[in-house]
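Number of protein chains: 6
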Amino acid sequence: MNPETKAKLMGVSVATLATALYKRGLRNQVIQGVQPLKGKGVNMVGPAFTLRYMPAREDRNQLVEFRNPEHPQRVAIEQCPEGHVMVIDSRKDARAASAGDILVTRLMMRGGAGIVTDGGFRDAATIAELDIPAYHTRPSSPTNLTHHEAIEINGPIGCGDAPVFPGDIVVGDDDCVIVIPAHLADEVADEAVEMTAFEDFVVERVKDGATIIGLYPATKEENLEAFAAWRAANGR
Amino acid sequence: MNPETKAKLMGVSVATLATALYKRGLRNQVIQGVQPLKGKGVNMVGPAFTLRYMPAREDRNQLVEFRNPEHPQRVAIEQCPEGHVMVIDSRKDARAASAGDILVTRLMMRGGAGIVTDGGFRDAATIAELDIPAYHTRPSSPTNLTHHEAIEINGPIGCGDAPVFPGDIVVGDDDCVIVIPAHLADEVADEAVEMTAFEDFVVERVKDGATIIGLYPATKEENLEAFAAWRAANGR
Amino acid sequence: MNPETKAKLMGVSVATLATALYKRGLRNQVIQGVQPLKGKGVNMVGPAFTLRYMPAREDRNQLVEFRNPEHPQRVAIEQCPEGHVMVIDSRKDARAASAGDILVTRLMMRGGAGIVTDGGFRDAATIAELDIPAYHTRPSSPTNLTHHEAIEINGPIGCGDAPVFPGDIVVGDDDCVIVIPAHLADEVADEAVEMTAFEDFVVERVKDGATIIGLYPATKEENLEAFAAWRAANGR
Amino acid sequence: MNPETKAKLMGVSVATLATALYKRGLRNQVIQGVQPLKGKGVNMVGPAFTLRYMPAREDRNQLVEFRNPEHPQRVAIEQCPEGHVMVIDSRKDARAASAGDILVTRLMMRGGAGIVTDGGFRDAATIAELDIPAYHTRPSSPTNLTHHEAIEINGPIGCGDAPVFPGDIVVGDDDCVIVIPAHLADEVADEAVEMTAFEDFVVERVKDGATIIGLYPATKEENLEAFAAWRAANGR
Amino acid sequence: MNPETKAKLMGVSVATLATALYKRGLRNQVIQGVQPLKGKGVNMVGPAFTLRYMPAREDRNQLVEFRNPEHPQRVAIEQCPEGHVMVIDSRKDARAASAGDILVTRLMMRGGAGIVTDGGFRDAATIAELDIPAYHTRPSSPTNLTHHEAIEINGPIGCGDAPVFPGDIVVGDDDCVIVIPAHLADEVADEAVEMTAFEDFVVERVKDGATIIGLYPATKEENLEAFAAWRAANGR
Amino acid sequence: MNPETKAKLMGVSVATLATALYKRGLRNQVIQGVQPLKGKGVNMVGPAFTLRYMPAREDRNQLVEFRNPEHPQRVAIEQCPEGHVMVIDSRKDARAASAGDILVTRLMMRGGAGIVTDGGFRDAATIAELDIPAYHTRPSSPTNLTHHEAIEINGPIGCGDAPVFPGDIVVGDDDCVIVIPAHLADEVADEAVEMTAFEDFVVERVKDGATIIGLYPATKEENLEAFAAWRAANGR
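These protein sequences, in sequence, are chains Y, G, P, L, E and B.
Using the numbering used here, read the first sequence as starting at 156 and increasing by one per residue.
Using the numbering used here, read the second sequence as starting at 156 and increasing by one per residue.
Using the numbering used here, read the third sequence as starting at 156 and increasing by one per residue.
Using the numbering used here, read the fourth sequence as starting at 156 and increasing by one per residue.
Using the numbering used here, read the fifth sequence as starting at 156 and increasing by one per residue.
Using the numbering used here, read the sixth sequence as starting at 156 and increasing by one per residue.
These aren't lab readings, by the way, just hints derived from the structure by calculation.
All values derive from a computational prediction rather than experimental measurement.
A portion of the hints provided could be inaccurate.
Each pair may be met inside one copy or between any two copies, as identical chains are not told apart.
[To be verified] Computed cross-link-like contacts, DSBU-like style, restricted to lysine-lysine with a CA-CA straight-line distance of at most 30 Å:
hint: 1; residue 1: 247; residue 2: 178
hint: 2; residue 1: 163; residue 2: 195
hint: 3; residue 1: 362; residue 2: 375
hint: 4; residue 1: 375; residue 2: 178
hint: 5; residue 1: 163; residue 2: 193
hint: 6; residue 1: 193; residue 2: 362
hint: 7; residue 1: 195; residue 2: 375
Please work from the sequences and hints to get the whole structure.
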């Protein structure tokens, strides 16, 4: 992805991005119900590379299946391009794992930018300490075969009720994860940077005792002027 | 599909089939949570032809999309082969419709054997009266575009937590719908016919006052003998 | 149970009984989420005889288990005393059946007064036509072994979030099912008969155009007088 | 409300109305999860008159409260104007009733056009037979006091996740219920009548064997012409 | 509120308060499902000041609405009196935010004692670090307009299935939040202080190896005597 | 339990155990939805000692009941043998507590190895700091009497949808809790130790840059050889 866009998206919140997409009529781009295994204080940013699970049929999902070098779960990990975020459609079912620490470690080693499932990870306590951001709904120890069969790599999916297309830009912070349609990433990143400057200004004013009425949004002329001055003074 | 297998499956219950699959280690083949729009007293039987929905992104799902002759929802209806059951993965989300009466009527006219969604149909009261079996979770009037984007035709899907592969044999009765893996259809049909004969015999005995202990299953030799006699007498 | 109490309970609604128990501080006696397989227009009344399911462990719940003449599900059906209502704790899990038509037919033949589960029945369309009232949450074709192991006969259970003790009086109408603690059955039946007379009077008045203010409840003296006259006139 | 608008809305489906509102950017106007107590084959149409429940606090919700002539539940029934639909916000909680047959009968006698709750009605089997349409999620026998306190009459509410303002036009058919913002009722009614004519034409064509591609929507010129001819021939 | 009562409530647990209310027949005063954004080790105590959301209708909830100086969400923040706890009825829907860090910061600056929603906050990681207690169900980045319209300030509401009236005393600890009816606050605070002394004594004894039978509650005379001695010794 | 088995189970993860049971056809042994009150970094291991709750009936569950020295909740705490894990069936209902800090402290003093509920604990912040592992779904301050009646000690139960028999071996780590059927504990522990050695080897290789294909599982001969060498070198 565009490195400047990535840099911008590293510095804005998912909340701000959600508002920027809301302005464009997109209301369902936040992946609902997922949380970081551990807050890292740094954003996850990268294009989506997807994996889709369907419900497991027992005869097709014995442990021996993992011996197949073409098993889609393992192949997906090996194919996910550097800098991409793997997004897994687990049908919001965390009764069995979407992946475990070995696969997430491998993804990290290959330069993956992060991993998200609307199910759960096994070895979650270990994954939390890895140097790669990961988001799920809750820890889940059973092997994925118990309820999930990996069936498709890098197609369009749903994740936490959000639509995800390969190449969409995925951004996660310590609260949530959002999916920015690829063609909007640059303009949304620009706008979010602007919005963030304003929000930082507002927080500063509010901490100084200002009312939010007329300030957030800045419907009073004086606040617009103050913001302009603040930008100049703060180099933003 | 094999017409003899179809004939056999027309005469057995989903409950009996579920037990036959259970014997083979398959525990999740019933599509959970769906019901017939109207009990028809006749089974729905046919190979699965699938449609998958993903969550709708607003900019891709305006009404104008339906003007596209390649729109997958409409194309799926036109491609579903005669005698097949259309099975729709709506991610168990009935907040918007999976289809309405016009499309289901078209499917009926093309010889479709039935339609199943783990979401809901609009125009459900009308569909209920059509001469094609239909199963869903509840009526849902909003157009599918509201929450669903049709994204894939005839791939492997989940429906009501059951795995469905194109060509699997789908059977519905007035209670439930089950998915029989294609390679098991013939043997399961045979076994279910046998089981049904035995169950009919058991019901008759129970209505005559027999205890179920030793009869269901027939662990007492005398019951096996009585069943043999009953089969001879009833031509089954 | 007391035949006079039974006769009274045949003539009152679950709603009226719920209010009578509410007066006594009992707010959770309605079995939540169950419905009759078919409205019969006649109440189900009888003491509770219970069966408890726990989650099935696969090695203990193969089909062969049913060959055990001591299998609790089948034994419970054979032990349920005449006139009793079998109440099944299925942990509100309808993914597998609580029972099927053969067992319910046997219960009917043995004089059972009804059957209730907070799960689902298989062969539900058949059970609906039997001459015994049955209540569940939805049809469910998979054999009980899939998710349930029958573990205890006639102990205290929960059913649809209501507490049920063996011998409690269970009443079902076309809406709902309620559990009356055994020691309260006689007095609650008496009170419900009184309340029903009053409600019948009120309905008549309302259908004649009366306002409900001052009538329901009868805080206006004139309505109490009218009720007294109505009772005399109608022999109630 | 405008009698012509009402007449139009009597003749269109909720599904058609949902699409008309969808065109205007309104995606959440269908009251999710409710169903008619009995399909009447006739639409319910009328302006909304609302009642809001909050969770019951035990000390404020003893049976004696009903003796208060100002009790909001009963007052609401007596105030609901003729021709209006009472819409009740029960917080999607059907563990206790929203109302029972006496109140609904009174509403019917006063000329109410219908009643909707996102909870449940007690005496549901009786209400189903009354000459007033009623919609809920499931029967619920416990008195409303068990979990609900009626707290506000005719304010803005949520019902089944849909926003409802007093005076909005509520339409129900045998499938669902929809809420049309008051200021859009006339134009939406007009448009829905047009859409219904077209859908009726399409159904006729489909039953004659036509494909839906190019017909629904009518992207082929020949279908537009055929529709014009059909309208002329059928006086629509 | 009474400063002595506040001081007492700062020193007792929500669990103890729940038991004190249980004794008075109040069983539903704990706000279900909420958790502190960050455990502070100090109680939140203050009278409730409420805000109610209804489902958002798209035409009424565009971003421009925030420019309205009367927008109820922002007005509520500016009106919440010092020392009060803002309690928000978000209909248990965390798909969109109830508020974000700017508003919560403003509430903090104005002396608010805390904020609770049965939905979720955006900017949750930031709010967690503010010097004001906050409780929600999970982080939620989408702007409130996505699913919520602020409709009423300081009326009676439900929050997490608990009834909340303006002026009720709200207490939160690191586990849960409870709502004490205003008229009971003083007596419940007194009782909770007594109960806490006893519980502290019990914990000490249990850590010394005592059995709980006869001690908790103190049905053995010797334990009552020991408690009296302990109180004297510890100045409680 | 066998001390060697216990030692082995202290050193393996629940995820590994889940896979070992999966190989034996047991797919539902993880207690779904529970989490440690605080990650301890050390496993909980011990035989199950169970307690079952049923829904509370108000007249049987007043505070005075705790004065009964035979109250099953308190008796269970006093009877739980040293080294055992108390597992509580709370019907997945966390609206009221399963236990509080005093009882859990007592269990700790008596040498209990841990405590698990599929409901919630009150005083959770305090319990989290105790020297005994505890797992639940979320904090819950209301006294257990509000919704639960302790009804049976040390019988077979369900907990988080898993079957639990007294004496089954319960293992918890920072992610999840699993229930090993008693007769499988020794062999599963052995196998899990072996699996853990292999997984540790794999992680090391993956951190060195190895692909997972052919390594996990080790379908390539060279990886088996490398593992053998690794075992020798590392004394495992």
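Right, here's what the structure says about each hint:
{"no.": "1", "hint": "247 <-> 178", "verdict": "both (27 Å within a copy, 25 Å between copies)"}
{"no.": "2", "hint": "163 <-> 195", "verdict": "within (18 Å within a copy, 33 Å between copies)"}
{"no.": "3", "hint": "362 <-> 375", "verdict": "within (18 Å within a copy, 56 Å between copies)"}
{"no.": "4", "hint": "375 <-> 178", "verdict": "within (21 Å within a copy, 35 Å between copies)"}
{"no.": "5", "hint": "163 <-> 193", "verdict": "both (23 Å within a copy, 28 Å between copies)"}
{"no.": "6", "hint": "193 <-> 362", "verdict": "both (28 Å within a copy, 20 Å between copies)"}
{"no.": "7", "hint": "195 <-> 375", "verdict": "neither (37 Å within a copy, 37 Å between copies)"}
The structure fails to meet hint 7 from the earlier list, while all remaining hints are met.
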